[in-house]
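Participant: Kindly generate the complete structure, drawing on both the sequences and the hints.
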Amino acid sequence: MDLTRLSARFPPHPFSVLLGLSLFATLVGARHGLGTVYDALRDNGLPIGLLPAGVTDFAIDERGRFRVRLDQACNAKFESELHYDRNISGVLSYGRISDLAGVEAQELFLWFPVKSIHVDVPSSGRIYFDVGVVFKQFSLSLFDTPPDCVAVFSPDPQLVSVSKRKNGILRHQVPGVDTGRADV
59 MDLTRLSARF PPHPFSVLLG LSLFATLVGA RHGLGTVYDA LRDNGLPIGL
109 LPAGVTDFAI DERGRFRVRL DQACNAKFES ELHYDRNISG VLSYGRISDL
159 AGVEAQELFL WFPVKSIHVD VPSSGRIYFD VGVVFKQFSL SLFDTPPDCV
209 AVFSPDPQLV SVSKRKNGIL RHQVPGVDTG RADV
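Just remember that our numbering sits 58 ahead of the position in the sequence shown, which is counted from 1.
These are calculated hints, taken from the structure and not from any lab test. These figures come from a predicted structure and were not determined experimentally. Everything hinted at is true.
In silico lysine-lysine, DSBU-like type, Cα no more than 30 angstroms apart, as pairs: (1) 194 x 135; (2) 135 x 173; (3) 194 x 173.
Estimated spans, in silico, between C-beta atoms of each pair: (4) 199 x 164: 16 to 24 angstroms; (5) 167 x 117: 28 to 36 angstroms; (6) 195 x 120: 28 to 36 angstroms; (7) 193 x 123: 21 to 29 angstroms; (8) 210 x 152: 29 to 37 angstroms; (9) 120 x 206: 29 to 37 angstroms; (10) 184 x 151: 15 to 23 angstroms; (11) 166 x 131: 20 to 28 angstroms; (12) 130 x 180: 35 to 43 angstroms; (13) 111 x 197: 15 to 23 angstroms; (14) 182 x 130: 28 to 36 angstroms; (15) 123 x 166: 28 to 36 angstroms; (16) 153 x 211: 29 to 37 angstroms; (17) 200 x 152: 16 to 24 angstroms.
Positions of the beta carbon are idealized from the N, C-alpha and C atoms, including for glycine.
Facilitator: Spelled out as structure tokens, the structure:
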């Protein structure tokens, strides 16, 4: 039986074409890391509340390197406060985020960069944040849902540099004001 003549007499049903395209898109999307960051966290045994609500962009490669973009830098309160930069990156593997950048934890009025996060496998109900000098541990249940974040102002470093430079110049150029300093 010649399949080309058979397919000409029986064109594909529109539903089967849509089903095939949908399946193809799902497989290709999963392979290229498409989906949400919350899906990626869940698929790797981590709670979805590690990252705040409001993720605007997410990408992950086949080695687990990911990049997350938020609308703006923000802070969220758990047992202590966490700061999320506008751009967050790291390497995602089962039960762990390593090489983390863009997240800080507050301890006694000081902010420490969170270098990695991991959970015990099998779960002990605890999650650990490596802040360099110590592992901070929290109840896993604190991270069940993505937290709402309070926006924080993060000045553009270039603007701060220009502002400081201009202030220094202006301070020496104001005529008739005695600052008690000699201009050099």
